[in-house]
Amino acid sequence: MRRILILLTALVTVLAPLLSVPARAASTSAASTRAASTSTTVCALYCDTRDPSLAQQETFPTPNVYPNGRTVELHVDDISGMAWASIDNGQTNDSTWIDRSWDGGGTWDGLLGQASIPSTWTGTRTLMYNMYDPSDHRRAVVRACGDANGVECTNWVHLQVCAAACDGVSSSGSTGNTSPVPDTSLDGRDIALHVDSGGMAWASIAGGAAGDEVWLDRSWDGGATWPDGSSQGRLSVPNGATGTQTAEINIDDPLGRLAGGAVRACGRAVTGENGSCTAWARADAVPNRAAADALMWSYDPYNAWWPSSWWNSAVALTSMIDYMRASGDTSQEWIIDRTFQVNKVPFPAGTRSSDPIQGDFISQATDDTEWWALAWIDAYDLTGNQTYLNEAVTIMNYVNTLWDTSSCGGGVWWNTQKTYKNSVTNALYVDLTADLHNRIPGDTKWLAQATTAWNWFQGSGLINSSGLVNDGLTSSCTNNGQTVWTYNQGLAIGAAQEMYRATGNGNDLTEAQYLADSAVNSPTLVSNGLLTESCDALNATCDDNQKQFKGIFMRFLGQLNNTVGGTYNGFIQTQTNSIWNADRDSLNQIGERWSGQSSSTNPNVSDWRTQASGLEALDAAP
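Numbering-wise (my numbering), the sequence shown opens with residue 489 and increments by one.
Some hints here could point you the wrong way.
As the list claims (entries may be wrong) - DSSO-like, lysine-lysine: derived pairs with alpha carbons at most 27 Å apart:
1) K906 / K933
2) K933 / K832
3) K906 / K832
Unchecked claim - Label-pair restraints from in silico Cβ distances:
4) S1087 / Q829: 41 to 47 Å
5) S541 / G760: 35 to 41 Å
6) Q970 / S1088: 28 to 34 Å
7) T608 / T818: 32 to 38 Å
8) P726 / T666: 25 to 31 Å
9) N1069 / T818: 47 to 53 Å
10) T1012 / P834: 24 to 30 Å
11) N993 / N1069: 37 to 43 Å
12) S527 / V1093: 47 to 53 Å
13) S527 / Q970: 48 to 54 Å
14) P726 / C650: 25 to 31 Å
Think of the hints as simulated: they come from the structure by calculation, not from any bench.
A virtual CB, placed ideally from N, CA and C, is assigned to each residue, including glycine.
All chains, please: the whole structure from these sequences, using the hints.
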């Protein structure tokens, strides 16, 4: 039979390991396999050994092979990024398996999922195996093999990366030409890396001689390794010429959910064995697109978050959604539902947070819970999917239970232990309740909550006499004088303008501008024109939470700037110019200090938290 009935899949899964036999003596051809190696289980959207009956798609990307009259076929589900093999028209103990290679077919993990045909059957199939490993930044090629008194394998599949175009397209017809890193020189030759407007790269060599060589290397892990991308498009300078250029290759692989690819241009002079390469780089022509690509490099699609911070992941997701809304580029929209589906369930303490997650993104920390509500409102605004708005309502119904008038006359408690009333929790509460009113037709409930909370916030003392928002209240309900963090200021701006949208009350818009003006003109929050956290000092370092504060401020300032017709264009442009020109490396990684300053004791660190913060600033650009 050509296909094994889905109803027998479970039986095959149980019997295959018991009925598997070692591969018979193989031919000496290139299709010969080796003994099965110990292969680490790969998890992308799903883990290796997924049942093929669960495939979302079935394609046949390469011709079958027919060892001794049997049919060996490779099946691919590009939606899940997985493949499986089958053998049909066979006999008992004929077998099939998947080979997977992480270096373009040079070496491979063989006999993956090897399954043998049971007695009385004429075919069988393997389970599914991943073709990509985004979490560990690897890209594989796969093939199907069969043993029927002789081994044959199909071609390797996905040797080329294909996006808008496939690797190998001529660079002579490219649109756009930027050089993200300086050229390198070699014995008078100039070797350059070029990137077009579609995110493909090519290399050139000039000022050389016939026989000189030029090529590209491609890496999925930031230049640490490049096993499947060495010497891409390698070619020699022809006779009578002094230079040449390679064909183009893709920097990213959208099909494999591999963002943040890196390339470099390399060359060799014919007069010696020496060679030279440029620095590794990513496409950088469009700043917010480049920053989003670098942020996605750190996203874990299997666990569906940015490891390993719970509320920070909500803010990172929001920054990606804001990028999609600002740019119209929705190529990464899949992460929204992926994050939602994987993370809406309960988690024990230590899995996503030091606190247990109760389900529906609810935890003991009220502000952590609220950040997720904000993300789902943002997701609703982008997609129109009511599920996300409903989730925000579920979260806010829970947060409402922590509103308490018996202490300080109102306000939401910071945690379930009711130890603190602070700015972040209550500014988020105002913003979110107003958000819900502004999105639910006919609402009165959430507007009443928002109005009560906003009046309380303004009269609570959290906003000091300089128009800056301190961290929280003392046990006697007075401003505690603690650090003015940029995100508290930004959240208060956001609350004021969302109230303006809800009520049309001009006083709320005036308050938003007052809070914004107080911030951008304050030496507490701005140094040499740049937004600066207190922990940005050269003798300090921001912790993982503080790394994202400035981006949150810029998100809400950018929204206000759009409302008031560009009043803050100059301030925002100053931030984005410095981020892009002083605080970014060739891989488009953005650091903690937007000035780019560093010190030997407290270097200017970069990670996905600082990346998300920088992306929010770039999203705010007019």
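Here is how each hint holds up against the structure:
At roughly 24 Å between alpha-carbon atoms, K906 and K933 fall within 27 Å of each other, so this suggested pair holds. For a cut-off of 27 Å, the pair hint linking K933 to K832 stands: about 25 Å separates their Cα positions. Straight-line distance between C-alpha atoms of K906 and K832 comes to about 25 Å, which keeps the hinted pair within the 27 Å bound. In this structure the hint that S1087 and Q829 lie 41 to 47 Å apart at CB holds, the actual value being about 43 Å.
For S541 and G760, the Cβ-Cβ distance of about 58 Å falls outside the hinted range of 35 to 41 Å, so the restraint is violated. Taking 28 to 34 Å as the suggested C-beta distance range, the pair Q970 and S1088 conforms, at roughly 30 Å. Between T608 and T818 the Cβ separation comes to about 50 Å, which falls outside the hinted range of 32 to 38 Å. Checked against the hint of 25 to 31 Å, the pair P726 and T666 passes, with Cβ atoms roughly 26 Å apart.
The hinted window of 47 to 53 Å between N1069 and T818 is violated, with their beta carbons roughly 28 Å apart. In this structure, T1012 and P834 break the distance hint of 24 to 30 Å, their C-beta atoms being roughly 41 Å apart. Distance hint for N993 and N1069: a CB-CB separation of about 40 Å, consistent with the stated range 37 to 43 Å. At roughly 35 Å, the beta carbons of S527 and V1093 sit outside the given window of 47 to 53 Å.
As the Cβ distance of S527 to Q970 is approximately 52 Å, the hint placing it in 48 to 54 Å holds. Against the hinted window of 25 to 31 Å, the Cβ-Cβ separation of P726 and C650 comes to about 28 Å, which satisfies the hint.
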